[in-house]
Amino acid sequence: MTENHTHTEHIDSETGKLGMWIFLFTELFLFGGLFLVYAIFRAKYSADFHHGAAELNAFIGAINTVFLLISSMTVAGALTAMQKGDRRMTMLLLTVTLMLAALFLLNKYFEWSHKFEYHIWPGSPVLKNMPQGELLFFGLYYMMTGLHALHVIVGMVLLSINLVKVKAGTVNAGRYVILENSALYWHLVDLIWIFLFPLLYLIT
Amino acid sequence: MKDEKQHISSYASLTVVLVILLTLTTISVLVTGIHLGPVTVAVALVIASVKVAIVITQFMHLRFENLFLKLAVSGVFTLFALVILITFIDYFFR
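Line order of the protein sequences matches chains A and B.
According to my numbering, the first sequence is numbered sequentially starting from 35.
According to my numbering, the second sequence is numbered sequentially starting from 149.
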């Protein structure tokens with residue numbers, strides 16, 4: 035047996051991307067279900083939802099929107115840099131993205147702490163004594179922003195892994211499907227916030 | 149599927165997209181500041197949808213993907229819109 039085994043790895047990035055998109059579809063319906071619950075209860079208890087939303091700080095919400103939009107641009111830029119083979123730029127832009135994500139979470143921390151000061155947290159006695167609609171509003175607020183924050187954390191983990199891999203050279207100009215898919219995930223985090231922001235903070 | 153030539157978005161075009169998104173956010177905040185009732189809700193949601201469409205086509209490169217993926221994404225969003233529509237029809241007319 036003198037067969038010459040040259041190991042050529044087959045990378046099918048198109049299929050990898052398709053798989054990622056299908057996963058993102060399931061994420062869309064995960065949040066979509068919550069949006070739907072929110073919309074129906076908002077129609078049912080509009081006055082209570084108005085009160086609840088008025089208590090949210092639209093300024094913090096707007097700042098966080100700006101952070102996420104910029105971070106979406108920087109992660110897209112990181113992909114551009116990788117495609118061009120500019121490793122340093124990729125790492126720089128990934129770091130900026132991670133910093134913006136951290137700022138987003140910091141803001142969220144302050145926002146939630148402020149609510150906690152008023153004894154508003156899921157299951158708190160103050161919340162339980164509120165009208166039914168406000169109870170639902172804050173329940174949905176914590177559920178939706180909490181689930182979203184969890185996605186931000188997962189996204190940060192993914193981007194950090196990419197940062198390490200780019201540094202090590204295992205993600206490079208010839209092979210970057212993991213960076214591409216992580217960027218897609220990060221954009222989804224941005225997309226969900228684009229809807230959460232007007233729903234929770236703006237429409238009062 | 150073969151590895152086809154990848155489209156590379158330039159930094160300049162990404163920046164333009166970001167500026168558009170930030171402008172839309174500002175408009176959305178300003179418009180909802182004027183209380184117009186149901187109109188406000190509609191405007192805010194339309195702007196959010198436009199932003200989502202921009203992020204998907206530009207940042208997520210859907211513009212440069214194959215037809216299959218484009219159809220899949222539009223199909224899923226249409227399905228999502230139908231789910232919302234049907235639920236509301238059920239809610240208001242039951």
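These are calculated hints, taken from the structure and not from any lab test.
In this text the structure is predicted, and so the values were computed from the model without any measurement.
The beta carbon of each residue, even a glycine, is placed where N, CA and C say it ideally should be.
Treat the hints with care, since some could be wrong.
As the list claims (entries may be wrong) - In silico DSS-like cross-links for lysine-lysine, where the CA-CA straight-line distance does not exceed 27 Å:
| # | chain 1 | residue 1 | chain 2 | residue 2 |
| --- | --- | --- | --- | --- |
| 1 | A | K118 | A | K201 |
| 2 | A | K162 | A | K51 |
| 3 | A | K78 | B | K218 |
| 4 | A | K199 | A | K118 |
| 5 | A | K142 | A | K118 |
| 6 | A | K51 | B | K218 |
Unchecked claim - Restraint ranges, calculated between C-beta atoms of paired labels, are given here:
| # | chain 1 | residue 1 | chain 2 | residue 2 | range |
| --- | --- | --- | --- | --- | --- |
| 7 | B | F216 | A | S158 | 19 to 29 Å |
| 8 | B | S158 | A | N91 | 28 to 38 Å |
| 9 | B | I182 | A | L140 | 27 to 37 Å |
| 10 | A | G173 | B | T226 | 21 to 31 Å |
| 11 | A | G50 | B | L178 | 25 to 35 Å |
| 12 | B | A160 | A | V211 | 41 to 51 Å |
| 13 | A | G119 | B | A160 | 15 to 25 Å |
| 14 | B | F241 | A | L126 | 47 to 57 Å |
| 15 | A | G119 | B | I182 | 20 to 30 Å |
| 16 | B | L217 | A | V160 | 23 to 33 Å |
| 17 | A | G180 | B | L170 | 21 to 31 Å |
| 18 | A | A202 | B | I182 | 37 to 47 Å |
| 19 | B | L233 | A | T129 | 41 to 51 Å |
Each hint tested on the structure:
Taking the CA atoms of K118(A) and K201(A), the gap is about 16 Å. The hint holds against a cut of 27 Å. With a C-alpha separation of about 45 Å, the suggested pair K162(A) and K51(A) falls outside the 27 Å cut-off, and the hint is violated. Among the hinted pairs, K78(A) with K218(B) is inconsistent with the structure: their alpha-carbon atoms are about 36 Å apart, more than 27 Å. Distance check on the hinted pair: K199(A) and K118(A) sit about 17 Å apart at the alpha-carbon level, within 27 Å; holds.
A distance of roughly 35 Å separates the Cα atoms of K142(A) and K118(A); the hinted pair therefore is violated under the 27 Å criterion. Restraint check for K51(A) and K218(B): satisfied, since their Cα atoms lie roughly 13 Å apart, inside the 27 Å limit. Between F216(B) and S158(A) the beta carbon distance is about 49 Å. The supplied range of 19 to 29 Å is therefore violated. For S158(B) paired with N91(A), a C-beta distance near 36 Å keeps the hint of 28 to 38 Å intact.
For I182(B) paired with L140(A), a C-beta distance near 31 Å keeps the hint of 27 to 37 Å intact. In this structure the hint that G173(A) and T226(B) lie 21 to 31 Å apart at CB holds, the actual value being about 30 Å. With their beta carbons about 41 Å apart, G50(A) and L178(B) fall outside the hinted range of 25 to 35 Å. Distance hint check: the CB atoms of A160(B) and V211(A) are about 25 Å apart, inconsistent with the given range 41 to 51 Å.
Evaluation of the 15 to 25 Å hint for G119(A) and A160(B) yields a pass: the beta carbon distance comes to about 19 Å. Between F241(B) and L126(A) the Cβ separation comes to about 55 Å, which falls inside the hinted range of 47 to 57 Å. Between G119(A) and I182(B) the beta carbons are some 49 Å apart, a value that contradicts the proposed interval 20 to 30 Å. Evaluation of the 23 to 33 Å hint for L217(B) and V160(A) yields a failure: the beta carbon distance comes to about 48 Å.
Between G180(A) and L170(B) the beta carbons are some 26 Å apart, a value that agrees with the proposed interval 21 to 31 Å. Restraint check, A202(A) to I182(B): a C-beta distance of roughly 53 Å breaks the suggested window 37 to 47 Å. For L233(B) and T129(A), the hinted distance range of 41 to 51 Å is satisfied, since their beta carbons lie about 43 Å from each other.
Taken one by one, the earlier hints fail for this structure at numbers 2, 3, 5, 7, 11, 12, 15, 16, 18, listed in ascending order.
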